[in-house]
Each structure stands twice: as C-alpha cells, then as structure tokens.
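Construct all of the structure, not just a fragment, from the sequences and the given hints.
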Amino acid sequence: MLILKCPYCGVDAEETELAAGGEAHLKRFGPGSSDDEFHDYLFMRENPKGVHFERWRHANGCGKWFHAARCTQTLEVFGTYSAQVTEPPQEIRDAITAKRPGWTWREFE
Amino acid sequence: MSTRLASQGRLIDRSKTIEFTFNGKRMTGHAGDTLASALLANDQMMVGRSFKYHRPRGVVASGSEEPNALVGLNSGDRFEPNQRATTTELFSGLAAQSQNHWPNLEFDIGAVNTYLARWLPAGFYYKTFIHPKPFWKHVYEPFIRQSAGLGKAPDKELKDADTYEHFYFFCDVMVVGGGVAGLQAAKAAAASGAKVLLIEQNAHWGGRAPVDGGTIDGMEPGAWVEKTLAELQAMDNVTLRSRTMGSGVYDHGYALGYERINDHEPGNGAPRHRLWRIRAKQIVTATGAIERPLSFAGNDVPGVMLASAMRDYVVNWGVTPGQKVVVVTNNDDAYRTALALHDAGVEVVRVLDARSAGGGALMEEVRQKGIRVECGRAIAKVKGGKRVQKVSICAQNGVGGAQEEISADAVAMSGGWSPVVHLWSHCGGKLIWDDAQVHFRPDASRPPLGADGKGFVLPAGSANGAMGLGEGLADASAAGSAAAEAAGFPAKNVAAPEGVASDELPIEPVWLMPAQADVTLRMKSWLDYQNDVKVTDVQLAAREGYESVEHTKRYTTLGMATDQGKLSNINGLAMLADSLGAAIPDVGTTTFRPPYHPISMGAIGGEARGKVFQPIRQTPMHAWHERNGADFEPVGQWRRPYAFVRSGESVHDAVNREVKNTRENLGLLDASTLGKLVVKGPDAGKFLDMMYTNMMSNLKVGKCRYGLMCSENGFLIDDGVVARIDEDTWLCHTTTGGAERIHGHMEEWLQTEWWDWKVYVANVTEQFAQVAVVGPNARKVLEKLNAQAGSGMDLSAEALPFMEWRDGKIGDFDCRAYRISFSGELSYEIAVPASEGRAFWDALLEAGKEFGVMPYGTECLHIMRAEKGFIMIGDETDGTVIPQDLNMQWALSKKKEDFLGKRAHSRSHMADPDRWKLVGLETVDGSVLPDGAYALGEGVNANGQKNMIGRVTSTYYSATLDKGIAMGLVKHGPDRMGEVLEFPGTDGKTYKAKIVDQVFYDKEGAKQNV
Amino acid sequence: MSNLASALNGASFKGLVTVTEAGLVGMITLRGDLSSAKLQAAVKVACGHDVPEPRKIAGTVDGGVAWMSPDELLVLVPYAQVEAKLSEMTAALDGEHALAVNVSDARAVFRVSGASAREVMGKVAPVDFSAAAFGGSDFRRSRLAQVAGAFWMDSDDSFTIICFRSAADYVFNLLSTAANPQSSVGVY
Amino acid sequence: MRHYSAFAVAREGLRYHTGWERAWRSPEPKRRYDVIIVGAGGHGLATAYYLGKNYGIHNVAVIEKGWLGGGNTGRNTTIIRSNYLQDSSAAIYEKARGLYEDLSQDLNYNIMFSPRGVLMLAQTQHEIRGYQRTAHANNLQGVSTEFIGPQKVKEIVPIINLEGPRYPVLGALWQPRGGTARHDAVAWGYARACSAMGMDIIQQTEVTGVRTHDGRVVGVDTTKGPIDCEKLGMVVAGNCSVLSEMAGFRLPVESVALQALVSEPIKPCMDVVVMANTVHGYMSQSDKGEMVIGGGTDAYNNYTQRGSFHHIEETVRALVETFPMVSRLKMLRQWGGIVDVTGDRSPLISKTPVENCFVNAGWGTGGFKAIPGSGWAMAQLMATGHSSLAEEFTMTRFREGKFIDESVAAGVAH
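Chains A, B, C and D, in that order, give the protein sequences.
Start counting the first sequence at 0; every next residue gets the next number (numbering that gives the first Met the number 0).
Start counting the second sequence at 0; every next residue gets the next number (numbering that gives the first Met the number 0).
Start counting the third sequence at 0; every next residue gets the next number (numbering that gives the first Met the number 0).
Start counting the fourth sequence at 0; every next residue gets the next number (numbering that gives the first Met the number 0).
It is possible that some hints are incorrect.
[To be verified] Cut-off 30 Å, straight-line C-alpha distance, at most; resulting in silico cross-link-like pairs (DSBU-like, lysine-lysine):
#1 D:Lys401 with B:Lys158
#2 D:Lys52 with B:Lys136
#3 D:Lys287 with B:Lys385
#4 B:Lys1006 with B:Lys945
#5 D:Lys401 with B:Lys970
#6 D:Lys287 with B:Lys136
#7 B:Lys491 with B:Lys226
#8 D:Lys350 with A:Lys26
#9 B:Lys901 with D:Lys151
#10 B:Lys429 with A:Lys98
#11 B:Lys945 with D:Lys151
#12 D:Lys401 with B:Lys136
#13 B:Lys51 with D:Lys350
#14 B:Lys757 with C:Lys43
#15 D:Lys151 with B:Lys136
#16 A:Lys26 with D:Lys401
#17 D:Lys64 with B:Lys945
#18 D:Lys153 with B:Lys610
#19 B:Lys151 with D:Lys64
#20 D:Lys151 with B:Lys610
#21 D:Lys52 with B:Lys132
#22 C:Lys55 with B:Lys685
#23 D:Lys64 with B:Lys453
#24 D:Lys94 with B:Lys132
#25 D:Lys350 with B:Lys945
#26 D:Lys287 with B:Lys155
#27 D:Lys401 with B:Lys916
#28 A:Lys4 with B:Lys429
#29 A:Lys98 with B:Lys453
These aren't lab readings, by the way, just hints derived from the structure by calculation.
Right under this line is the structure:
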C-alpha cells in the first residue's frame, strides 16, 4: 500500500487516491516514425528490478499527473516530481545516486 | 479429570454464572471465562477431531495459536465455523458444536483412518488414486472431498446478520501487543510526545507476566500493569485498544488492526468487527512468544497441553486440566507450571527434565515442594484414547525402551519458546537463528524497509528474543524510544522498570523425545495436531527429495492448518534439518504471510454490502423511472432503463411498443448519462483535432459534428457529437460511462504530452439533465411548451436545422437544444440544469399526452440506431476494431498530419485488406440471428479449428420492419453483397443470412430532415 | 422556482452524527492561472474572498472559494446568483486564458455534524481527521469510500461535503451507515 | 523410476515407508547440454518433459534459482479452463486442458485434475453478449462450452445469490470440463518424470549471464559456473525481463504483483469454479476445504511478491455480495506472485533476436491452466523451429498490430 507525495497539492496520498500510469518520460512517435520507433514507444516498457521512473495520477485528489522515482524491488520512493519534464530533475537523480550508486535507467544515470 | 479449582482465577468473576451449550449439552461457566476454560471446567477434555485421521483432540493452548479447540459457534445467520474456543469470550446463550466427525464427537466413523494411518503417509494421494482414470472424478475425489474441511459451511441462503466497518487511523508509533513489553514500549514512545496507538488482541492487558510472576519495580506484575495502564490512559497522545489484533504489516507503514467489537455480546447493534487501516510511521511488535510442544509418542492425546497454557488455565481461570499431572520439559520455564499446579493443590506426579543436568533455581524450588523431578528423562509414550491415562517414561538419550509407567490424567509439556515474528516478517524483515535460546528471532540489521528505505518495524521484548522479564522490559523500553525517535520525536530518557524473575539455566534443544525414538514411536509423535503431520511424515518428505522447507510444508501439509504452524513449524523445520543433516538456519523458514490470525471476510469487505456495495449513479429522473416500470440495465456505474414495462407486458413487448411508438408518435429518452466535456482555450481546436480522427477545428460555431476517437494504438474507444459553442469553446459528448474515461484521457494528454498547449477541460456531464425528444411529434410537443409559456426558442427546421444547436428557453426552462438524431427520426436533445431535469421530464410527459408520448429505454434506442445502420461503441467495437473496419474512412481526416491512432493504422495488420468489415445481415427466413454468432468459412486451420469469416456484432428483432436485422463484420464483406453466409448457432441450428446494406430503414434520411 | 430539486430533497439521518443533504449551492469551476491578478480580482468580486493557499478554503457555501488544484478553484455563491456571478466573472476574465463553468447542478452537498463527525469521516476517507491534522480552513479532495468527494470543516464538529450529484444516494447511505448509533470508535 | 500405485504404498506401509526413493535426483551440472531450460516452474519443466517425450531430446538441464515449482506454479488459484475467445488462445488452452485430462496417468503422479466445471457469470447485458459470442466461437474451435440461464446457475452453485442489489446474475458461460488441479503436484510430477528421463534439474542455481557468439546462444553463466548449450529456453515468468537483458534484448512485458487468498477450510459447499468478472472476484473450493480466491493485479511494476491490500478488499466484498455465506468465513492466508504482462495480456512463446534462444513468458494471470499446452508448444518450437500452437504468440506481433486480445469478451480475467 504505497504512499506518494503529490508534488502539486502536497498531499501524502495513499495508493487508493492514486492511479498508476506506467513508465515515465516516453517520447511519442507519430506519423512518419519507423515501425521500430512506434513499436518501442507503445510496447517496449522499462521493467527494471530496481530504480524505475513512472507516472501516477492523483485521481481521487487534485487530479494531476506526476512522476515518481521508485525501486521496484524494495518499493523505496526516491522522490516525486512534475509531469511536465522530459527527464528526471537533478535533485531526484542525486537522491537516487545517494541510495543506489551506479544506477542507470534508459539513458539517464 | 478436568475441573474448576476452589482458588485462583484472576480473570473470572465467580459471582457471575453464565449458561452455554456444547453439542447441545448445557454447561455453565463464569464471566471472564473463555469457551476453552469453561469447557475444561466442565471436564470436556475432547473438543474436536483432527483433519486426516479424525483423532480425538483436546485443548492444547490458551491463545490464538490453538490448533485443536475449533468449534462451530452460534447458529443461523450468526453461525461461524472454526472459531477458536481459546479466543472466544464466554457469553450467555453461547452455543458451540464440535467439528469434523460423524455421527458424533464421541463415536466417529472417520476415526478408522487412524488405524489405516500406516498406509496413509504424507502425500499418499500423489502416489495413488491414479488408475482407473475415471475413478478420480467419480470415486476418489468425491471421497476425499467428503472428508475435506473442518467446520460446516454457513447456510447458503442466509445473509450475515452482522455489519462491519473500516476505520482509518494515523499515528507516529503503533505498538502491537499489550503485554508488559508493549505497555512499556508505548510508555517510552509516548513520553517523547509521539502519537501512539497500542493494540492488544485479548480483552485484558498484561499478557503472560501476571501469570509467570516475578516483580516489576518491586510490584506484582499485575499491579504494575494496572498502574502503567492508568498512566497511558491519562495521556492524550496515546490511544489504547483491546480486543484488537495486529493482523498484518504492509508496505509503507500500512498496518491492519482487527477489532472484535461485539463477538463477546453478539447482536447488540454494533458492527461486529472493525478493520483499522492504520498508517504508522513506526511499528513496534511486542507480540510475545509462543511455547513449542515436544515431539513424543501420544503427544496429541487430549490432556497433553502446553505447560504455559496449563499454567494460564490454573492462574487466570481457576481451572485444572487434570488431577495427576506430569510435567515434561527441556527448559526452566515449565517448572513455573509445576509450582502453579502445586500451589493450586493439584498433584504433580513427576517432572521430567530432558536435560541431563536439569534446571536451576526453579527446579530447586519445585523439589523443595516435594515434587519428584527426574533429569535426563523423557516421555516414551502417552497412553490413552480420549484422555490421558498413563505415561511411560524412558531416558531421553535412548530409543525409548520404557523404564516406568505411571498413571496420570494430564501432561504439561514445554519444548522452549519461539518469538512471534510474524508481523516483523510480513513485509520482509529477516530472521536469525539463536543457538543459545534455540529459536529464530528478528535480525535487527535486516528490518522491513519503508518508503524512505529505512526500517519501520522494531521488535520488542520476548518477540525480539529478550526472554527474561527484566531483559524484556529493558528491550521494550529501548524499542519504544527508538521508534519515537525514528518517527521524528527526540527521545526522552525513560528509565526502564526493573523486572526481577528467577534466574534460568539454558534450554537444551529437544526435537525428538526420546532422542533415538524408533519408528513405531516416531509415527505416533505429532508435529501438526490439526493436519495430522507426524515426525515420520517430515522424514519421508526429506527422503523423497522434498528438501526445501516449502516442499516439505506443501508435501506434508505441515503448518498449513488454521494455526498456520504457530505450534508446529519450528519443530517440523528442526526435524527436516535433522533428516537432511543440515543446520536449522540453513534450511530456513517458510514465508510468513498475513493475517497473523484469521480475520473475518466480513471485516475485510467492511461497510460495502447491500445498498452500499457499489455506487449506483442516478440521473435526476431516476426516481421516476423506478416508479414507472423501468427494467434497469447496468451501464458503467449508472443504471439505465432497458425498457419501461407496463403491467401484462413482457420486456420484449415493451421494447417493441416503444420502438413503434417512437417511430409513429413521440418518444422520450433520458440521455442525461451521456458524457459532456467542455474544452476551451486558444489551442482547443488543435487539441480536438488530435483527440478525434476527424477535423473539429473547422466546425462552425452553432453547429454539431459526429466524431470518432481512437487510442494511440489505433482502436476505436469512443464516439459522440461535438458542438462548437464559441470561438474557443467546444462541447464534446461521450458515450454513457465514457465521460470520466475520456475526461481522464484528455487530461492525460494535456498534462503529460502537450502541457504547453493552452486548453482547459471541464466535465459538466452532471450539470445537465438531457432528454431526447424523438419522433414525428417531437417539434409539436416542444412548441406546445413554448405556447403555454407564451414564449420560447424557434424550433423550426429553418431556425434550428439538423446538426445545429441553440441556447434559449423552452417553456419555463433555460436549455440548450441540439438538433441531432440517433434514431433517424425528427429529434431534439434538450439539456436543462439537472435540478430542473425532473420538472422538465414531467412537463414533457404532461404536454406530450395528446401526441402519444412514451418514454423509451436503451433497447429501443439500440434497435432504432441499428435500423438506421448506426454503429454502437461496445457492440460494433470491442477494443480490436478500427474505423476502417466499419467503413468509416470518411471520419478519418486526410487533411490532418496527425491524430491519435493515425500512425497505428499504418501497421501491416491494420492495413490488411483481409480484415473483417462491417455489413448488414438479414436472415433468409426473417428470423433473428443469434447474438455473437460466427460465420463459417471453409475447412479448418492448422490447429484443427473451423475457419471463421465473420461475426454478428448486433442483432435485433425490428418491430418497425417486423423481421430480424443485424450488423456484422465479414471478411471482404462490402464486396460480397447478396452472398448468403452460414452462422452455426449454439442451439445446433445453422442460421443462413444474406449480406446487405447496413441501413435498413429510411435510407435517404427523409424522416429526420423535417 | 418550483422546478428546482436538489438530489435528495434535503434527506436527513440522525445517528452517531446528523447527516443532512444541504440543498443547492451555487458552484463555479474556475480553471486558469491562479497567480493572475485579473483572475484573483474576479474571484474576489464573485465571492468576496482571496484565492486561498493550496488545500485551503476561504469563506462558506454562501460565499467562498476552495483550492482544487494548481489551476483550478471552486467558487461558492448562493444558488440563485450563480448565473449572474458567472457572467460577471466571464466578462472580467475576457482576454485571459481561463475557463469558468457552472457546476452547481452537477453536485450534491452534505453536512455531517455532531461530536463524532471526525470519526464518521474517518470511516469513509483515507485522511487523518485528528484535530492536529485537519480543521480550520483545511480543504481536502479525496475518496468517500468508492466515490470522489471534497470536504472541509465549517465548525469544530461539522463537515461540509461535496460529491457528484449522481452519487448523492450512495454517499447519503454510506454516511448513514457509518453513523450507526452503536458504532462509536471513541478516539477523537 | 519406481512406479507409484496403491500396491506400492501398501507394500511400503509394511516397512514404514523407508524404501521410497527420491522423486527427482539432485545432480551437479554437467559442462554441456543440448538444451538448457531456465526456470523449473510448471512451464519450464513441461517444456523439458515434452522435449524428451515428443522429440527424444534427453540431454537437458532445467536450471532453477530457487526450488522447483516455487514461483507462480505454487502460488496460483489452480483454475483450468479453455473457454477463450480468440482462436490462438482457445487452441493452446484447450490443448493444455486436454493434456491435463490424462496427465496423472502420463506422469504416474496424481496431479488431481478435477474437471468439476467452470462458470463465468454474466452480470450485465454486455457480458451476456460477450459470453454468447465466446460460446459461438468455442463451438467452432472445438471447445465445449454453453451459455446457461440464472436458474441453471443456481442449481450448479447453490450458495450463489442471484439477486445482487447491484448486479443480478443474468446467466453464465459454463465449461463443464474446466476445473482445477493440485498445483504443486503438476511441478513435482513433471520434475519426477524429467528426472527419470535422465534430465538434470539443478535447483538453487542462479543464471548470471547468457553467453552468445555471432548472435547465437552458446551457453549460460551460473552461480555454479558456466554451462554450454545448443539451445536455450527462458521460462522464468516475472523475471523474464531480467534474463532477456542478459541476452541483450528486451521483451514487451512488465512485471506486476498478483494476489490470492484462502479461507479456513470448511465442509464442501461449492463444487465448481466461479468467476465473476464484473465485480472482479473468483472462487473455488480446494479438496482440503479452503475457499481459494483470486485477487487482482496492481497497476505498478513490482518485484516484491507483495500486493496492495485494497485489491483483497475489492475481491472479498465482491464475493460476499455474490456468495453471502462467505461473509462469516475467515481469511486464513493471503499471498502474492510476480506475473509478467504483455501489451495484449496474451503470452509469448517465441523465437528471439538471439538465434537458438527461445522465450516463454507473458502469461500474466493465466499461466497455470496452460502449463501442459505451453510446454508442448515450446518444446515443438525449440525442437523443430515451428509450432502452429505458438505461431500467433510471437514477440513480433505488436510491431504488426496483430494483437491477441481476450479482454474483448467483457474484460475476462484469467
């Protein structure tokens, strides 16, 4: 039963107020993209045993989407942050590095 | 025999006598009794039968770890199977029945199994019942199933008479366990100012200490408990809860508390159970320890009891299970039982200490009382069927050659103590093996981790392996302070009280008694009393290669009984390690899973039953529908009238009447459930062009356009009419139940992909009650309302043409009128404020009388749209259908570079010309095609399945055309007009249907354009 | 306006607390840049209060404003005035990227009052209702068991609750069940 | 292999069962095998078994990180059915169901397949249409199912409440030959048979790397050293992403927690499996008497084998509403497993970008019922390079937009 702090309204929301939205920082590929690009965009999800970046919505709350950095093995939460960014902010990366030196996720580290 | 003592009984009130029945027999007990203590007071030694061999079973423990004394409690709509007598507080009128026997407890046919035991070892069923094959289903399994289960199932027709509820609670520190350790931990934590919750599963506080004796700060433990309890009650940052068990610890500091509010006085109007959903920053588990049985032959005979339990019955309830008791042990604690029995005037005929050197101070004390203590000795065998009669004694270090046989009627056994580590382990806390104390205890260096990656559970007292009274109190005090500190409250220095108890000599591990017991003894030495798992079963599992503790558990069913192995796991584990020649910690334990102790399904479900099981969303006209024959169908969380059935009518008749009447006169549809989303902003047009497959940005103000929505994966997800309200505002209609989904869909794209676009969306679905006024008389009834009011909007074809909308007044009602049609008739959809919806509905019905008005339901709606060949999301689409399949290329804008789904449509399979496409279907004999029927192709596929070339997506009887009509998806369908296909039904018949145009009625659309 | 009807026509239940449907309240959903002076002014004019801090409410149902999300407010006005206030507001926001819509009829309003109000709420919402954690001008959007809801305390022992109109019947039954006279928890 | 029978048990009884041999050997790994299967769960062991039985390939090792059958094979709710809508699903699940019918005799190990019947309740008009459609499809697919009315449902399941205040029972899709089996026994039976064929089941050994050469697999590194192989089969459910990363490619799956629970045992009261998908609950009664209840999956990636409790609450309240007597039973134990879910929630039985490296994964919440068919198809694919049963389950289908979507029949849970 996870608790995530919604970065928009500041509520420490328990899972039943939230809706999980899968992998974060996807780059959309539309018309003109290659079959591989489109396929990977829709179906090739990160599925790490460890550090993961994901999307959540404070559905039973302020209704905003946000991002969370979480460990899928311990459920430790490194931080939550705005959904309006294309990659995790530095303080989040630092927080992860402090706990999981040498971590990588897609092109981020 | 087992009787009530003249003295003792700190928990009972002898002045209050309570009547109850066991198997119909009237018995009495006292206030404060548990059912178990009351049964023992009535010399009811045998209380049930075991699972596999139907062996006689008696009370063996005094708490929730009890595996034997399970009864069916109460009756009728309050009956509950498998209730533990040891945790059931006695109440007046309590009626209990013993379980798992036929015809009765005393004489049980099933007991024959005990004589066959030799041929029914662990897992015998995996090796047998294999041939002949049909016998498993028809002979073997029915036989096995008949012997399955313990308690009776509750009555199939009765609904639970009780109610349940949930309660959210937040605290800094939660302490589980109200023994002296828990009380001290709570006190230490609370001293720092932290908000503390302390829960105790029993009705009384203090745990074992008042029974086990010693002193705390010079006081009797009982007195200290009272004093500390009073101190805690006086603190407003402390919440105390008895009869509340810590049931489970979950991730991120979530914990469940299981409060049994009125099990001790059923039917008093209160909820029966309350499930506490607790969010704690830190959790202290002061859950105590559980004594282990010893494995000797006949250790399952009624009258053989845990030494600590026997002590509890004497001291707490003034009951002795026997008059001549043998105490057998491998540690000092059991001597306390000998003393308690002796002090209560019960004869202790022998104390057998398996340790060659025996025990310490407590042993001396026992000897001084003149009780005979023998060291290095063991029980070879307990004799007796339904109760203990004789005990044969041998050397512990031997094969079990009996050296003496003494008569006794009860045996108190102690194999040492295991800390209760369940809650610590639920969320991943690890254990270490303590060689000195011979048990697993929490490994403080590997706690369960919380959201911050730090440990959030602290074990305290004997639950942490701090077994002595003084040691336990000190440990608990430290744990309490540490928990508060971890929760952010600088620790105040709380001095731990001084606990003083007799010094004890170390325990010596005794996993089998006697050490080299031969097979005839081992196959009578029980590990799991309820499931009948014996020493030889575990040895067999090891021999056969079921080496992992999980394999052994599952192969023998050890620890899978209702006590989840609280008594049997460690003994079984040790026996497995011994058989494998491995060290106990190397064999490891099974995983501890919630709940600690079974909790009622009712409590888990909480209040959500009956009318609050799930929300039923209601339109402003819902009450009218209910009162006017509506036959409802669930659509999402809504319930919409399927049809309005009149007396003497079948649902089918009603639907046909509604279709006919709407086509010929006037029909009203409650369309309030259709989603309505306002989309506004400078980029709204651009945004809607991405959301819809067709163009919305070029829609003229005042006009409407039907739109399709696809997922990014290309599949149709919704459709509806979009209206342009003003320069930068659109109103999008969604399907019923689609409002929240599509609103979320839009917000998701706006917030996570195009967050720089200037667009706001608001869901105004419920702001409006919307009524579809349909049929040749539609305009007449609306104009009549205007006439009555003396004014109102112009509803003429010129002023409000098809696919346009206007704001204004109709009669007394402010409204927005849409000239749209899903039926092919002259049709207006009128939206009024929801608060006026019912009044508007009533006004239409009143004014409509002269025009033959009738409300109609969803089935009529479906039939009329099918007659017109309109698709329905959920019928023609199922999540695998793309617009091209429905010949709706016209709705796929060519002008737009991009929209959700466009890229997906260019994938090879979606561009495949062989995809099934929408056509109309008409049976050759006018009958109705079966729903979901498939069209048969030629031959079979590589897996031998008959090839299919199409399927029916919707099919109805058309009252308008008096024949069956249908739509379906067919391979190359549009190119095969006139062809007749075969649709095999599940009724054995084959239906023949011709491929036709999907528009069955008013092809040129004359009726709606008037 | 005889044509008007709130969702449950003022239904009421007396138990551990009193649960009452509070009738129609004028509500305007306002989406926009909450830091814009124009918007703040429009809000002040409409309800007489400044834009509140996150998770706060200013004023009452007769004139107030609640923080819904970083770009959304709920403006509360007397039901009879809502259309007038709305057009005022729309006019005032002319030229500004904002959305103001009337949602008065899309909602139902309940009042839960009595000494046990916090406890009853604690049975249906995953929120800490202890006095230390919730009170004053706190405003919270959350769950009421299985449906969305928003609430605040209009006095020390009384909550005002807003939910969707279609869920009014469910919420009323839910709160009435939680208010079973025999079900006092006794912690607040 | 010592033959199991009532006579053997009787004979052993006379000598206190001291003569039983190990059900499977516990060998040290050899340097090289023709085929290595990673994962000694049901699917992996079945793959090995049919490689031997159908293709005479016996030089096989099954490598297991923990204990055989210790993953989802031993954590599921043991439901067996094949009433699927899409051809390719119906084909493989029906193949599996058919093999289950004779598996006890085939393996000489009683896996207790119990064709007691599976009911899927229809509680909305939409579900009725969905299940009627499935019944029509099954009819042509050679899967025996029928759509039955509420009264028949009540006859089959006396404890059911037809008049749920929220969702009445309007009918059901009935598969008389669906049922349950003893999940551990399936793994143990296959393991014993594989071992008897000379295959090595190597437990407590973790694969730490996949070795390839020129795009072909040549072996694996393990905690017991490197082992060479001709062909490699990855059959590790929730951990398949971790393993495929070792081989240098990614799978279109995500790992989530699925939960289940059992009640305390009671005397038999429900003789069939009932699934209620509208309210999200399904239940059967084990031969021990426990009500076995399947919960839902969390929506977030998770490797902890612990799920969120609110899913348990949702499932239980649905069952209390559907079977009122459940209200007075108690939950004995809850647990979780890690399942791997694909983009269309249908499995992968597929070649991979690495030559001679095959994957069997993505069974999501429905793997147990497929074990024999899955092993059969995987073995065929690995031995011959082609399997009609596996054909549609390739990992390239998502690129083509060729999905196998079962949710269309009213969001059927597995």
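Status of each hint after checking the structure:
{"no.": "1", "hint": "D:Lys401 with B:Lys158", "verdict": "violated, 47 Å"}
{"no.": "2", "hint": "D:Lys52 with B:Lys136", "verdict": "holds, 26 Å"}
{"no.": "3", "hint": "D:Lys287 with B:Lys385", "verdict": "holds, 25 Å"}
{"no.": "4", "hint": "B:Lys1006 with B:Lys945", "verdict": "violated, 44 Å"}
{"no.": "5", "hint": "D:Lys401 with B:Lys970", "verdict": "holds, 16 Å"}
{"no.": "6", "hint": "D:Lys287 with B:Lys136", "verdict": "holds, 15 Å"}
{"no.": "7", "hint": "B:Lys491 with B:Lys226", "verdict": "holds, 20 Å"}
{"no.": "8", "hint": "D:Lys350 with A:Lys26", "verdict": "holds, 28 Å"}
{"no.": "9", "hint": "B:Lys901 with D:Lys151", "verdict": "violated, 47 Å"}
{"no.": "10", "hint": "B:Lys429 with A:Lys98", "verdict": "holds, 21 Å"}
{"no.": "11", "hint": "B:Lys945 with D:Lys151", "verdict": "holds, 29 Å"}
{"no.": "12", "hint": "D:Lys401 with B:Lys136", "verdict": "violated, 40 Å"}
{"no.": "13", "hint": "B:Lys51 with D:Lys350", "verdict": "violated, 48 Å"}
{"no.": "14", "hint": "B:Lys757 with C:Lys43", "verdict": "holds, 24 Å"}
{"no.": "15", "hint": "D:Lys151 with B:Lys136", "verdict": "holds, 21 Å"}
{"no.": "16", "hint": "A:Lys26 with D:Lys401", "verdict": "holds, 23 Å"}
{"no.": "17", "hint": "D:Lys64 with B:Lys945", "verdict": "violated, 42 Å"}
{"no.": "18", "hint": "D:Lys153 with B:Lys610", "verdict": "holds, 22 Å"}
{"no.": "19", "hint": "B:Lys151 with D:Lys64", "verdict": "violated, 41 Å"}
{"no.": "20", "hint": "D:Lys151 with B:Lys610", "verdict": "holds, 26 Å"}
{"no.": "21", "hint": "D:Lys52 with B:Lys132", "verdict": "holds, 21 Å"}
{"no.": "22", "hint": "C:Lys55 with B:Lys685", "verdict": "violated, 34 Å"}
{"no.": "23", "hint": "D:Lys64 with B:Lys453", "verdict": "holds, 28 Å"}
{"no.": "24", "hint": "D:Lys94 with B:Lys132", "verdict": "holds, 19 Å"}
{"no.": "25", "hint": "D:Lys350 with B:Lys945", "verdict": "holds, 27 Å"}
{"no.": "26", "hint": "D:Lys287 with B:Lys155", "verdict": "holds, 19 Å"}
{"no.": "27", "hint": "D:Lys401 with B:Lys916", "verdict": "holds, 16 Å"}
{"no.": "28", "hint": "A:Lys4 with B:Lys429", "verdict": "holds, 28 Å"}
{"no.": "29", "hint": "A:Lys98 with B:Lys453", "verdict": "holds, 11 Å"}
Hints 1, 4, 9, 12, 13, 17, 19 and 22, counting from the list given before, are not met by this structure.
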